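Taken in sequence, the protein lines are chains H and W. If you're matching positions, the first sequence starts at 0 in numbering that gives the first Met the number 0 and goes up one per residue. If you're matching positions, the second sequence starts at 0 in numbering that gives the first Met the number 0 and goes up one per residue.
Just so you know, these hints were derived from the structure itself, not from any lab. From a predicted model like this one, the values you see are computed outputs, not experimental measurements. Any given hint might turn out to be false.
[To be verified] Covered stretches of chain W, as calculated for chain H (at least 3 residues, CB under 8 Å):
(1) 52-59
(2) 144-158
(3) 336-345
[What the hints assert, rightly or not] Residues from chain W shown here face chain H by an in silico Cβ test under 7 Å; the list is partial:
(4) Ala85
(5) Leu87
(6) Arg89
(7) Gly90
(8) Ala108
(9) Gly205
(10) Gly309
(11) Ser311
(12) Pro315
(13) Gly316
[Stated by the list, open to error] SDA-like cross-link-like pairs, simulated, lysine to any residue; straight-line CA separation at most 25 Å:
(14) Lys86/W / Tyr156/H
(15) Lys241/W / Gln229/H
(16) Lys339/H / Met218/H
(17) Lys159/W / Pro326/H
(18) Lys84/W / Gln229/H
(19) Lys372/W / Lys127/H
(20) Lys111/W / Ser81/W
(21) Lys84/W / Leu207/H
All C-beta atoms in this analysis are idealised placements derived from N, C-alpha and C, irrespective of residue type, glycine included.
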Amino acid sequence: MALRGLGRRISIGKRCFSSASEVEKRPRDGKQINLFSAINQALHIALETDSRAYVFGEDVGFGGVFRCTTGLADRFGRNRVFNTPLCEQGIAGFAIGLAAMGNRAIAEIQFADYIYPAFDQIVNEAAKFRYRSGNQFNCGGLTIRSPYGAVGHGGHYHSQSPEAFFCHVPGLKVVIPRSPQQAKGLLLACIRDPNPVVFFEPKWLYRLAVEEVPERDYMLPLSQAEVIRQGSDITLVGWGAQLSVLERACDEAAKDGISCELIDLRTLIPWDKETVEASVRKTGRLLVSHEAPVTGGFGAEISASIAERCFLRLEAPVARICGLDTPFPLVYEPFYMPTKNKVLDAIKATVNY
Amino acid sequence: MAAVRRLSLSSSAAPLRRLLILRPFSSSSADDQRVLTVETSLPFIGHKIDPPSRSVDTTPNELLSFFRDMSMMRRMEIAADSLYKAKLIRGFCHLYDGQEAVAVGMEAAITKRDAIITAYRDHCIYLGRGGSLVESFTELMGRRSGCSRGKGGSMHFYKKDSGFYGGHGIVGAQVPLGCGVAFAQKYSKDENVTFAMYGDGAANQGQLFEALNISALWDLPVILVCENNHYGMGTAEWRAAKSPAYYKRGDYVPGLKVDGMDAFAVKQACKFAKDYALKNGPLVLVQSYDFFEHYKMVLILEMDTYRYHGHSMSDPGSTYRTRDEISGVRQERDPIERIRKLILSHELATAAELKDIEKVVRKEVDEAIAQAKETPMPDPSELFTNVYVKGFGVEAFGADRKEVKAFLP
């Protein structure tokens, strides 16, 4: 698969992202909005276009703790947009059942840190439904949305990145957007995808990331990574909020004459191995970065796969710049996080290996 | 010697600061011991159990210490509000003002050898268990001398020597833990009980019912306390629960509904619950079909209470309830005002003396904050401590696996 086209950087705001080439080709028809508004638009469109789509979760009725579900209850009624009691396992199980009857169940888990009571339902019930019933039943209409990731002051239970746990489950898809325009397209694609999807939204970007987002209904392809920036010396792979850190590291590295290629994985499973492989064949070096702890994080899977595919081409070991192997700390967050300087150090170390 | 509940400051504060309530008044110490009887505001409602009497015995000391303790808790929470807005407290901060009667009433009925475990609204429970203001504020601000060494923050206060098992972020998860603690207490036969506290939101968590079943099956000395402040974050109880009568939700486990804004009702209920939980019938060894009728030990207490603040400092608390409701509760059911009226009506102190107590409390809180502000942050090496047992020698990797490696201490 050829490398994805380059996108012009068009957004303003603290975190700058380039847009996808697919959307680039269409005329400008968007407004500058932030991440939670983009998600809100996607949900409005999803409920509008499918009368059997439902949005539910804790406190979503009044708009949700991050305002992602504002206006939905008023517009579509409390029979389609409703609050659930405080029971993640119940929410997930209920969503699976609803999806099994052919509906689009869009469940919200208020923080990804709370998703663990629902883990059994997602892993054992949702992921294996089609498989164990010999395709008689499936819960493809299931989408679970959850804010994940550090937010600067979240502490142990409002900052976790649990994507690696779900990436280990065949039958699920895990999707993580990096920006408002990506989020809207990816979320609509996830909702309409005939497989159960867990959609993690980087909560740090809910207000911070502002981008021009088309108002119409559009989808972005799943299982396709996007090359945000072309380069020749090293490939950087990341997702979600971490991409802005990587982008700043790329800019700094460019000052030292290192040309970095930046890839947004977008879908973590099934992930786009071809794009990453093609990029590493070009540059010969790989660095993966994510907020979750380094041991057993998804970067490990990427490293192992690329080592397998590109062993003879690699000029240096695959570098992983990730969170530390500790519980997500409270006051030590700045030490724990994979910051721009840590990434920069590793870029230089890898290039000079 | 009169037993008075003291909220002690850190040892660096002058001993004079340990204010005892006794002396400011003209009454002699004998008077302070006299027994008064107060009536709880509302009768208790029992589920499969005969409720205790509405008459509660107390002493002037206890009344005044209730007043002081609750004022201190109230002041601490309001100060925490300001500190959070000044960004000295980061993270999530869940305030308890309005619910102080539950913490204070419960402490009055039990000892420090009984265990308490609760969710994240734990600052005042920590104070009640004997924690100091300085330790609270330093922990809130993430400093090194906090009760959890600055690593827990607002949601994770612990105090091992007083049986306070914390401070938990995932609601409902603390209830099975509490049942486990009670199991250990039953094993050691030391006549102690555990109070596992949770909220009306968490009352719908599945693990609670799992733990309830196990506790009832094995007759554990645990009391499940539902602090029903009527809102699970932003969702009213009637929207979240088919049966908001949380004291009945145990079904086969008896329950008691208590006015959580009345410290004496809470005290009476907790005392009753502890006695009930410890009742060991002589038939305990007999295996008979209906043996559970004789000594069911688990009890559910529903505390009907109210929080003035929102769910946390990120929640204004007014998008899902009206300001009239909040001010209505404050006027009619405020726990501190109730005690103030009782003290004044029994002429144990004048209004001016009570105001003085509040002033002293305010000053103590301000001093504790000042002291906490001076305390340094924890050392960066603390990031790696206590992941595993000390000396376990587990290798941990820094940001780049090759560059930074350490053995966890």
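Satisfaction of hint between Gln229/H and Lys241/W, Cα-Cα up to 25 Å: Violated: Lys241/W and Gln229/H sit about 57 Å apart, past 25 Å.
Given coverage of the stretch 144-158 of chain W by chain H, tested with a Cβ cutoff of 8 Å and a minimum of 3 residues: Our answer is that it holds, as 6 residues pass the Cβ test (under 8 Å) against chain H, meeting three.
Pair hint Lys84/W and Gln229/H, alpha-carbon separation not exceeding 25 Å: Given pair Lys84/W, Gln229/H is violated - Cα atoms ~44 Å apart, limit 25 Å.
When the least beta-carbon distance from Gly309/W to chain H is tested against 7 Å, hint result: Hint on Gly309/W: violated, closest Cβ of chain H at ~11 Å, above 7 Å.
Supplied contact hint for Ala108/W, tested at 7 Å Cβ to chain H: Violated. Min distance 28 Å.
Cut-off 7 Å, beta-carbon criterion: hint that Gly316/W touches chain H: Nearest chain H Cβ about 12 Å off; hint violated.
Agreement of Lys339/H and Met218/H with the hint, judged by alpha carbon distance not exceeding 25 Å: 31 Å, violated
Restraint outcome when Gly90/W is required to lie within 7 Å of chain H by C-beta distance: Holds, because the Cβ-Cβ distance from Gly90/W to chain H comes to roughly 4 Å (cut-off 7 Å).
Distance restraint between Lys372/W and Lys127/H, which requires alpha-carbon spacing of 25 Å or less: The given pair, whose Cα atoms are some 53 Å apart, is violated under the 25 Å limit.
Per-residue hint verdict: Leu87/W, partner chain H, C-beta under 7 Å: With Cβ-Cβ at 12 Å, over 7 Å, it is violated.
Restraint check for Lys111/W with Ser81/W, where alpha carbons must lie at most 25 Å apart: The hint is violated at about 31 Å.
Pro315/W as chain H interface residue, shortest Cβ-Cβ below 7 Å: 12 Å, violated
Of the numbered hints listed earlier, those contradicted by the structure are 1, 3, 4, 5, 8, 10, 11, 12, 13, 15, 16, 18, 19 and 20.
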